[in-house]
Amino acid sequence: MVAQDAHAHAAPQGFIRKYIFSLDHKVIGIQYIFLALTAVFVGMFLSLLMRVHMIWPTAVLPLVGEIKPETYLQLLTMHGTIMVFFVLTTAPQGGFGNYFLPIQIGAPDMAFPVLNMLSFWTTFVAFVTLLAAFFVTGGAPLHGWTGYAPLSALTNSGPGEQLGADLWVTSIAIFCIASLMGALNFITTTLDLRAKGMTMMRLPLTVWAWFITAILGLLAFGVLLSAGILLLMDRNLGTSFYVPLVVVNGQVMGHKGGSPLLWQHLFWFFGHPEVYIAILPGMGVASQLLSTFARKPIFGYKAMVYAIMAIGLLGFVVWGHHMFMSGMSPYSAFAFSIMTMCIGVPSAIKTFNWLGTLYKSKIRFQTPMLYAIGFVSLFVSGGLSGPFLAQPVLDIPLHDTAFVVGHFHLIMGVAAIFGMFAGMTYWFPKMFGRMMNETWGRIHCLLTLIGTYCIFMPMHYLGMAAQPRRYSQFTEVAYLQHLLPLNRFITYAAILTISAQFIFLINLLWSMFKGPKASDNPWEATTLEWTTATPPPHDNFGGHTPVVYHGPYEYSVPGAPKDYVMQTDPAQVAAH
Amino acid sequence: MGLALLVVIWLITFFSTYFFVAKTWWLPHGVAAAAPWIDHQFALTYVLMGIVFVAAQGALGWLVWKYRSEANNGPVEYSHGNTKLEVVWTTLTAILFIGLNLMGSHVWASERFEPAQVGAVPVEVTGMQFAWYFRYPGADGKYGRTDAKLMDPSAGNEAAIGLDANDPAAKDDVVTGTLYLPVNRQIDLTLRAVDVIHSFFVPSFRFKQDTVPGLAIHMHVTPTEIGEYEIACAELCGLGHYKMHGMVHVVSQEDFDKWLAAREADKQ
Amino acid sequence: MATYSSTVPVQVPKTGQGGGGSQPPAYGGGGDSGRGDGYPDYGHRLRRARLGLAVLLAPIFMFFISIVSAYVVRQGLPTLDERTNTYVRDWIPVQLPLALLLVNTGLLAAGSVTAELARRQITRQAALAPVRSIPGVSLGQESGFPWLAVTVLLGSAFLTGQWMAWKELANRGFYLATSASSSFVYLLTAAHGIHLAGGIVVLLYAATVSLLHKPVEARRIVVDVTAWYWHFMFVLWVGIFALLWFMR
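Chains as they are written, first to last, in the numbering used here: chain H, 121 to 696; chain Z, 808 to 1075; chain R, 31 to 278.
Source of the hints: derived by calculation from the structure; they are not laboratory data. Check each hint, because a few of them may be wrong.
Computed cross-link-like contacts, DMTMM-like style, restricted to lysine to aspartate or glutamate with a CA-CA straight-line distance of at most 20 Å [to be verified]:
1. H:K376 x R:E198
2. Z:K956 x Z:E921
3. Z:K956 x R:D111
4. H:K480 x Z:D947
5. H:K682 x Z:D846
6. H:K634 x H:E558
7. H:K480 x Z:E893
8. H:K422 x Z:E877
9. Z:K1074 x Z:E893
10. Z:K830 x Z:D846
11. H:K376 x R:E146
12. Z:K1074 x Z:E921
13. Z:K1065 x Z:E921
14. Z:K1050 x H:E558
15. Z:K949 x R:D111
16. H:K637 x H:E558
17. Z:K1050 x H:D689
18. H:K376 x Z:D954
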């Protein structure tokens, strides 16, 4: 690991070293972003097929053909797995984090560049392994991204539960290794490579978010790996970690004594920190952008840092709130529920502070800011359905209904995505040297904001009306019939909203090559990435090492010549 | 742009709140003893969260319009925050969230911490891919032995759950595909599953409990109105999850006794 | 022993300054060693590598602790006996080949000792390296007792011994899927063995890297980090062994 320092002395030559197996964190970051971009369009396509099937179960679609109930479940499983792992855990952290964490702390690269390169390619191998499940005999697994045993542990519990399920588990295990490699790099880099003057309390909130997210990943993915290994053993080696004596289709299976709840405990011990891994970077970006575009310091920087830490820490003790109905002890349910309500508090603090940042500010409505404002709205909406589900007694009618689907999609499937849109449009000029189109950005933002609310807010009503989740169609249960019109509305909204995403994609790709050239600091922002050239040189700062004199949010400092003071500006003593 | 955002955010807030308040799509009518308590806690939560929702979205919309850079609002307030304010709203939030939770917890305790009363009607619920079976233990009050090796869903209800006909306690067990319950009596449910995790969900009862292979989970419920109510499986269990449907018939004690006697007679 | 004139400045790489924020990166100019020729700050690199190792040990710990907690819960978990409709404990204690495992533990302990000796040996060599570069100075032969190689041998012997323990378990009728307890025994020993094998691979890398003439300071970092990893693997093994024996 030490010998790799040699690379820093000279930029690599040759296409392979420069773009394929690059050790440069900037290239690796872009590789992660493009992987996530591919994954998100695959995932969206799967969800489109799902929504269409729910409304027209007997339709025969072009290219895809007929969607049988098991196919629906296979689409659902792959949709969730692709989105959670290869979009939400990849782009915000591996993508933007990789690119900008070193620059924002004043470092020339990550601590272990070879490990960084390996972490990307391992993620890539995991992605290919997952997609391979579609193409093997039996197809992709149908057990949901949560993979509850015994459904996921028995090879005859349904179509896709043979090789497809093994590929699914293997892909996740590979992804665990990749994530752990990345987490190691992020943590070591943040602790050891900060430039002179960059104390922990001068770090941009994006860096804090990436740092705490990496710690969450470090501690959570090891547990998912063990869960996956136990599952592979039950599936293939005849062990009974998760499977008690069961009879499938009249056939007594060879397992006995295992506990299905063990899978749930191990999975959700990982799964809950995972959802905070998905949202914390977006919160960091929102904080960064709200301050920058409102020309005002972030309200309560210290509180924001403590809130991120509290969310991270508490995130490890609330996993049981996914298991209130599972057969777990009701006493544990009570304990988990109190902790879950507690975790709502730091999230609320962050929301108050975002609003406080906007108060008495001077807002510039460029596209990144629009997405950041959208993030706050979506986070509030998605977050407030949490206290319903956090109470076990209310979880009784709401668990496993569309209410839960609406809750987590508003937070993960929209707010976190808005965090990515915001990050992409904000950092695009620095990464590619050009500006994205403002007009189309605004159109995309508003269409997506309205569209996603139209898709996911109604799911709360459906959930209250007791519509279960993961139903491929509603033809068999009488009380679901009157909910069909609302489901149809959601499907139409989904078709329109998914179509609108092509606006973003085209804007992105076109602007990469044809967008107007960007200056070094088009947003007049203060953090270190805006002090260097656009795009940054190989060692990020062109030979010199930055020295930091101020915190990251010194906007509208009284007495300063401009309404922003860069972190590296030695002259301004009034700024903190 | 500030005005556009204000309008969009406020309209979204208005329409979302409208459908909650109008109860256009709402929880089904509750017909179990626990339902009023659960519904009361639900109402409390949604009113409080609704207020926070409207206030937060309203503030967001107003702030982005009021402090748009084109407006003449005076200089930007260079402030790194207000610790007193932080403490105040943190404390209020904590009291709200934790208080709400503690209020709901006594309902949870009464539902789940205590076993069924003596004299409750015992029924065993068994879930399997993709049907529900219900077993009444009969006059002896004991469930007969079941054996995994005897399970054969194609050979009738008793065979589906693997009832061992040689066990004397099994002779009076009645197994049906429809659940009959007497009104206003507490039911002592034993929930089981044969293959994968299912979930016994009766929306009208405000009742849900996962049925887990390897576990026999005891729950109680007291239906309070005569009628027919649907059961929907609420845990992904395979390709037939969407059609793992059942019916609960809540009838008078008299009708229940008659029905059960008729089923027992059928067995002879 | 080396002798040198007191007028010849001896450059010992400084280990970096403290204070808020770290020094600028340890390579590529601005180096704190004062030599101004881009001489890498190996002291800082060592600290960074040790930090990386500490971070790496956290998820390894989480991985094993999740399996251990599954073991503990499973041991106490009664399973539903459907014939009697009651819950019974079905944990079967595994007959571990205690003597063999104790020998293996001894091998691993010895490996920890030799790894530590290798670590200290190369630390001395690295400390003396700048002296060695002074013209006219001779410190004698650099190589000493091959502690590194011995560690690799002991580690391999441990793994061989574990394999033999598996064979003995099979002889006693305990295969992977025989019981929950046997599944855990195989899983925990296999997982530990795989992690140890990783350590052996890194040690082999450290050994071969010396043949590639990498500077001794760079090799020292690899050996240092691997030795600490080795100690962790030893402590982990003791924990696993204690669990499997005392809570069998």
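Hints, verified against the model:
1. Taken as a hint, the K376 of chain H and E198 of chain R pair is broken in the structure, with Cα atoms around 25 Å apart against an allowance of 20 Å.
2. The straight-line distance between the Cα atoms of K956 of chain Z and E921 of chain Z is roughly 34 Å, outside the 20 Å bound, and the hint therefore fails.
3. At most 20 Å may separate the alpha-carbon atoms for a hinted pair to count; K956 of chain Z and D111 of chain R meet this at roughly 13 Å.
4. Taking the CA atoms of K480 of chain H and D947 of chain Z, the gap is near 76 Å; set against the 20 Å cutoff, the hint is violated.
5. Proximity of K682 of chain H to D846 of chain Z is assessed by CA-CA distance (about 57 Å); at most 20 Å being required, the pair is judged violated.
6. Pair hint K634 of chain H plus E558 of chain H holds up; C-alpha atoms about 14 Å apart against a cutoff of 20 Å.
7. Distance check on the hinted pair: K480 of chain H and E893 of chain Z sit about 17 Å apart at the alpha-carbon level, within 20 Å; holds.
8. A threshold of 20 Å between alpha carbons decides the hint, and for K422 of chain H with E877 of chain Z the separation of about 31 Å lies outside it, so the pair is violated.
9. Note on K1074 of chain Z and E893 of chain Z: the hinted pairing is violated, with a Cα-Cα distance of about 70 Å set against a maximum of 20 Å.
10. For the proposed pair K830 of chain Z and D846 of chain Z, the alpha carbon gap of about 13 Å is at most 20 Å, so the pair holds.
11. Only pairs whose Cα atoms come within 20 Å are accepted, and K376 of chain H paired with E146 of chain R is rejected, the gap being roughly 46 Å.
12. Distance restraint check for K1074 of chain Z and E921 of chain Z: the Cα-Cα separation of roughly 35 Å exceeds the 20 Å cut-off, and the hinted pair is therefore not satisfied.
13. Between the alpha carbons of K1065 of chain Z and E921 of chain Z the distance comes to roughly 30 Å, so the proposed pair goes past 20 Å and is violated.
14. Straight-line distance between C-alpha atoms of K1050 of chain Z and E558 of chain H comes to about 48 Å, which puts the hinted pair past the 20 Å bound.
15. Our distance criterion of 20 Å between C-alpha atoms is met by K949 of chain Z and D111 of chain R, whose separation comes to about 16 Å.
16. Taking the CA atoms of K637 of chain H and E558 of chain H, the gap is near 13 Å; set against the 20 Å cutoff, the hint holds.
17. This hinted pair does not check out: K1050 of chain Z and D689 of chain H have alpha carbons roughly 66 Å apart, beyond 20 Å.
18. A C-alpha spacing of about 14 Å is found between K376 of chain H and D954 of chain Z, which places the hinted pair at or below 20 Å, so the restraint holds.
When each numbered hint is compared with the structure, violations occur for hints 1, 2, 4, 5, 8, 9, 11, 12, 13, 14 and 17.
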